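> Starting from the structure of chain A, add chains B and C where the hints point.
Chains as they are written, first to last, in our numbering: chain A, 1 to 510; chain B, 1 to 323; chain C, 1 to 379.
Take these hints with a grain of salt, some might be off.
The calculated lysine to any residue pairs, modelled on SDA-like cross-linking and capped at a C-alpha distance of 25 Å, are [to be verified]:
{"id": "1", "chain 1": "B", "residue 1": "K321", "chain 2": "A", "residue 2": "Q87"}
{"id": "2", "chain 1": "B", "residue 1": "K284", "chain 2": "C", "residue 2": "A281"}
{"id": "3", "chain 1": "B", "residue 1": "K321", "chain 2": "A", "residue 2": "N262"}
{"id": "4", "chain 1": "A", "residue 1": "K327", "chain 2": "A", "residue 2": "N262"}
{"id": "5", "chain 1": "A", "residue 1": "K266", "chain 2": "C", "residue 2": "S249"}
{"id": "6", "chain 1": "A", "residue 1": "K112", "chain 2": "B", "residue 2": "N256"}
{"id": "7", "chain 1": "B", "residue 1": "K233", "chain 2": "B", "residue 2": "F59"}
{"id": "8", "chain 1": "B", "residue 1": "K251", "chain 2": "C", "residue 2": "I133"}
Because the hints were derived from the structure by calculation, they are not lab data.
Quick caveat, the model's predicted, so the values are computed rather than measured.
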Amino acid sequence: MAQAAIELIGINKSFGAVRANRDINLEVARGTIHGIVGENGAGKSTLMSILYGFYQADSGEIRVGGKPVSINTSNDAIALGIGMVHQHFMLVDNFTVLENVILGAETDALLKSSIAKARSELERLEREYGLEVDPDAIIEELPVGLQQRVEILKALYRGAEILILDEPTGVLTPAEADHLFRILKQLKEQGKTVVLITHKLREIMAITDTVSVMRQGTMVATRVTKETTVGELAELMVGRRVLLRVEKGESKAGAIKLSVKNLTVKDSRGVTMVDDVSFDVRGGEIVGIAGVAGNGQSELLEAISGIRHAVSGEVMLEGKPVDLTGKADPGELRDRGLAHVPEDRHHVGLVLAFEESENSILGYHDDERYLKGPFLNVDAIVADAKDKIEKYDIRPGNPRLKTANFSGGNQQKIVLAREMEQDPGVLIVGQPTRGVDVGAIEFIHKRLIAMRDQGKAVLVVSVELDEIRSLSDRILVMFAGRIVGERGPEATEGELGLLMAGVEHQEAAE
Amino acid sequence: MDSFNAVVQVLDSTIRLSVPLLLACLAGLYSERAGIFDIGLEGKMLVGAFAGAAAASVFHSGFIGLGMAILISVAFAMVHGFASITHRGNQIVSGVAINFVAAGSTIILGQAWFQQGGRTPALQPGERFEAIVWPGADALRDVPLLGPIYSELISGHSILVYFAFAMVPFTWWVLFRTRFGLRMRAVGENPAAVDTAGISVAWLRYRALICTGILTGVAGAYLSMVQNGGFVKDMTAGKGYIALAALIFAKWRPVNAMFACLLFGFLDALSIRLQGTPLPIVGKVPVQFMQALPYVLTVILLAGFIGKAIPPRAGGVPYVKER
Amino acid sequence: MSTPYAKLPAWADYGLIPLINLSVAFIVAGFVVMLVGENPFRAAVILVEGAFGRGTGIAFTLYYATTFIFSGLSVAVAVHCGLFNIGGEGQGYIAGLGIGVVCLAFDSVLPWWLTFPLAIIAAAGMGALWALIPAYLQARRGSHIVITTIMFNFIAASVMVYALVDVLKPAGSMAPQTRNFLPGAELPKLNWIIELFGAKIRSAPLNVCFILALVMAFLVWLLIWRTKLGYEMRTYGHSPKAARYAGISETRIILIAMVISGALAGMMALNPVMGDQHNVALDFVSGAGFVGIAVALMGRSHPVGIVLAAILFGMLYQGGAELAFEMPAISRDMIVIIQGLVILFAGALEHMFRPYIQALFASFSPKAVGIEAVKGKGA
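Chain A extracted, bound-state conformation (with noise of 0.2 Å):
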């Protein structure tokens, strides 16, 4: 093997409680391609953030060509010859990309001797690597695929020997990715390093030299890319958890309560997250949305709950037809019985600063059983909460308490109990027990099978494969923005993780 290039030695990072890196080994030889797999929240990001000098690590080595260093800030690493292309592209949208290019690394107080010294740089990597970009359009008049070819030329230009890539084909299309593979591959040829992040498996058996995977903080396993396969990876990716089998009966579906057909919703910057998507969801049953976070999950819920408009689609709740793209808001949907869980409670679901009891009605506030004429009947809202933390166990049992100082776990509570004692006839939840402890976890999952067995109809999204496949009675796996199948609560894991992670859905397609 070839001499590292970067060494990681130990490395343990927390942010309060969470202890994002644990004891943490790397070891990226010099002009390879080593992928670094995991979910989202393994600490892949953090890990890349510590390298780069944006976070300090607890406690651990980084050796960079075999020499201890400390990297306490980004002009460290980009001194030690580390460029990083970030998930969310550090650009100034009005700048030109030769202003973007030079920023932090002008040779002196004025830009004439910068800007004629990068256009000449330019033109040579344009040259060396096939990177070509206008130096002097503006970004924000770029598509996404160049912007990043932009992020890459900062990092070259600043004499980047590692290069690291987070999360890079997210905003691209396939189109776009296989031409940036082409690049990195280039690069590599050149002698550079390259680390990519990613939770897409195939890209990593595409591209990479070496694989590790992240779990929870923890490196599970570092492989060969030509000596592993797909099904190990997943495998390894969401790992043998402790099974959380909740009992349940068979289903008895009845009747269809929300039928979705060719759904499409897209972003706020134009990318499509929801791709013409179409599934049922009966009464007296629970279908669960399985894919890695990411893939349009997120939207299609907000879509259906009427946060976000669709573009197109036809939708029908209990029957009836509801205008998605742009006419239905979610309190009209909440009132014709459609209730919603959302994946994030701190910013969407709770108003952290407001009481316990003042979260019980959130969405629901325009009910007769909490006002009286246009005040809030406070008695009755006091009693319906209290009612509802003894129903749900939801601990401390105080109403008046802020919201704020309720554990997660109780937090998730304080929302399913308001969803779930408005008796929807359709509810949809959101990652329901993301930060959640594992004994809530068992009560949440127990709740919603009781849901599913009143006969309402009961669709849950989750990235949790495990709680997919303990709770559904149908499963559909979702992948850039489609639903590339349909699988029995039979399928086994590796089946789901090969659908998750695209495979079968592009051999379909090749």
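Just chains B and C, lined up with the frame of chain A:
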């Protein structure tokens, strides 16, 4: 010929009235381009005006006055920086606070030190900046057309007037031709890009605020040492806010800023000139209408009815390093 | 806005930290007093005695406080909806026009208790109207409400100069103001209440507007914490995303909050116009709209806090007048400095001392900084 002379006179007072606006507007340009909202231009001008006139009359030197004006104004800019950069406080609130402290302290200190009801002593020759008469201005005065333009409009202003107009190309040059300008514009648009490029966001913003302080100091000095020959309480009379309006009107660009300030200065000059004089066609226009026009125009601009004023994207938001 | 800091017990949050911020503001003000060569402690004594020492002083203090309660409430209502209404000055000023028209029209026909309600409606209506345009531009066209409300302050000033000089000024008069109102538009004084306690009052402008201000403070409390509308405003103020999730219309809630805020700002004009001067004069608001910012910041946007902060500022205004009398080096403009310092330390620098307080609390008892927070006074 009378009406021609009247036009020249209106334009001459347009220039005089535009100068404090222009200096304050360019001052605001530095801080807002760096991502710091500054509604404290008014207050910084006021303390500059006071410090300038006070120091000039005590030390009998216009230049010591100017230096003091700049020094005190920069100090106030640093308070704004301390609150909004170091402590990530609300920039609007901090600006309001500075305006109040300035309004109150200039009167209190003025009264305590000079006992003239908040005024500073009238400045003597040598303590203020005199008009500079250009060569041949007197000789050419009687030449038709060009004579008055040369001797009234171009010649006969104080050094600070020429400084203010020279600051327009200079600011443009700093903004678009220097490393500091590049970084300053970047930090106002996307501070994270600046941070990851290894540049200190805070220090960059502080430096931009120093530029702001210098220019508001000069603006204040102009008011008390050129236009007025002494400090009078509340002498900025909302000029800092008009400068803010001009800055929006100019879409945060230096050359536009000059035209916006000249426009607002012209409206002011016209309203003084036309006081009570009926105009053809429209009849008598209330002075107040002309005085309100800068603000009305700015609101219409802000509403997006005549082009869109897009402020620097990171403006008003404290930078917190996060991922 | 979420604070990036750990939690403190409510009494420290709502009591200790504002107190520390306020103290620092006064200490700095004390240095200014020293700078002009006076003794800050003696100044403080004169100030407090001037404000509360005699019946007349108390009445004046409460008279000033009345205006500040209105303007403080105006700022607070907007703040609860996440908006910064810096236009109270202009909204109050323009409301004077509405009051003036009502009073001039009815003061010879109606008794005060009929003119007053009409004037309240006119004041609130004009203030609301003046806030409505910036609100609409913010909600629908994204124009920054701080800038537009500042602009509207100046436009209001021009409108008022025009109205007073060219329209409402009686023929033959030189002063830019309306004629004096007849008794039908003069509000009764409340000085007898203070006299009940045995104090003597020579002449002070404390009037029924004080009661109106207290009623409005109660109504604002009711609105913010006890009505559906207030609930919606607070939700939007804390988290626009959660408001969207809850089906609250952004446009509607911004418009309503600003209309209420503007109406309150407008009502502050009643106090000086009908209660004291009995005419509409140039610059009668004289900065009271801006004092509202300091009052709301200090009162933590809670009506009880606002009433207390307004009385504090009333005390500064009244005591400041006495101070100017006793110490020639200090004029009433000292108050403007204190006001600025309060805004600086209680507003822009409100978190400056927080980390130290937290460290202090943590060193005494680690638990105090943890979960065991009691319910806030915002209940």
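> Look at each hint and say if it fits the structure.
To see whether the hints hold, each was checked on the structure:
1. B:K321 to A:Q87: Roughly 15 Å between the alpha carbons, so the hint for B:K321 and A:Q87 holds.
2. B:K284 to C:A281: holds (24 Å)
3. B:K321 to A:N262: Between B:K321 and A:N262 the Cα gap is close to 40 Å, so the pair fails against 25 Å, i.e. violated.
4. A:K327 to A:N262: It holds: about 18 Å lies between the C-alpha atoms, which stays within 25 Å.
5. A:K266 to C:S249: holds (22 Å)
6. A:K112 to B:N256: holds (24 Å)
7. B:K233 to B:F59: holds (21 Å)
8. B:K251 to C:I133: Holds. B:K251 to C:I133 sits at ~22 Å (cutoff 25 Å).
Hint compliance for this structure: hint 3 alone is broken.
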